[in-house]
Amino acid sequence: KAGVTQTPRYLIKTRGQQVTLSCSPISGHRSVSWYQQTPGQGLQFLFEYFSETQRNKGNFPGRFSGRQFSNSRSEMNVSTLELGDSALYLCASSSIQTGEETQYFGPGTRLLVL
Amino acid sequence: AQKITQTQPGMFVQEKEAVTLDCTYDTSDPSYGLFWYKQPSSGEMIFLIYQGSYDQQNATEGRYSLNFQKARKSANLVISASQLGDSAMYFCAMRPRTDKLIFGTGTRLQVFP
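If you read the protein sequences in the order shown, they are chains A and B.
With the working numbering as the guide, the letters of the first sequence map in order to residues 291 to 404.
With the working numbering as the guide, the letters of the second sequence map in order to residues 139 to 251.
Rather than coming from a laboratory, the hints here were simulated on the basis of the structure.
Be a bit skeptical, because a hint or two may be false.
Derived pair list, reagent style DSSO-like, types lysine-lysine, alpha-carbon separation capped at 30 Å [what the hints assert, rightly or not]:
#, chain 1, residue 1, chain 2, residue 2
1, B, Lys208, A, Lys347
2, A, Lys347, B, Lys211
3, B, Lys141, A, Lys347
4, A, Lys303, A, Lys347
5, B, Lys211, B, Lys154
6, B, Lys208, B, Lys141
7, B, Lys154, B, Lys208
8, B, Lys211, B, Lys141
These figures come from a predicted structure and were not determined experimentally.
Work out the full structure, taking the sequences as your base and the hints as a guide.
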């Protein structure tokens, strides 16, 4: 079974631009979560989607948004990019949305904002 | 408040030796899952092992075992017979019921010959 895939793997943008990252979960998984990882802040939860509905949201500004499609694929969008948005963005999927369910991660998208 | 604490920023271990990575957690939720992930320099987060809060026995997965002490709220990862390829960042994580997955700050493990 194929793992979680994320595209693109690397991205360079300039301040003020917007970016869209994509995540395809493991086949059959309905829950997708997004995380931001930076050296200073560590791993921070962005949001989680289950069956096209946002179920949890982290403490990020409204510039960060996401959605999930009927095939469980998910996208996250960051508008008006800032230098501090440079990070590794990780997507994870699980079959259901409970504490007992393991989340499997994709390879991540490295975003550099200049 | 929900929190994961990893007090060891870095650890060194010789090849073929065992090593324990510490993790303590805090939650008021009686039902939760505990996880360990490995992150090599490539960046991908690799799932290693899971322990449920109601599991009576410690979880094991090959060379990985989780030393779960519920009363002390600790979930230490034990890697037996370390290999050079085990050098990476290791993250402890917890998820209470349907809440978000919370990560610790990680421990960088370096295995030397």
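Each hint, compared with the structure:
{"no.": "1", "hint": "B:Lys208 <-> A:Lys347", "verdict": "28 Å, holds"}
{"no.": "2", "hint": "A:Lys347 <-> B:Lys211", "verdict": "26 Å, holds"}
{"no.": "3", "hint": "B:Lys141 <-> A:Lys347", "verdict": "17 Å, holds"}
{"no.": "4", "hint": "A:Lys303 <-> A:Lys347", "verdict": "25 Å, holds"}
{"no.": "5", "hint": "B:Lys211 <-> B:Lys154", "verdict": "29 Å, holds"}
{"no.": "6", "hint": "B:Lys208 <-> B:Lys141", "verdict": "15 Å, holds"}
{"no.": "7", "hint": "B:Lys154 <-> B:Lys208", "verdict": "29 Å, holds"}
{"no.": "8", "hint": "B:Lys211 <-> B:Lys141", "verdict": "11 Å, holds"}
Consistency with the previously given hints is maintained throughout, with no hint failing.
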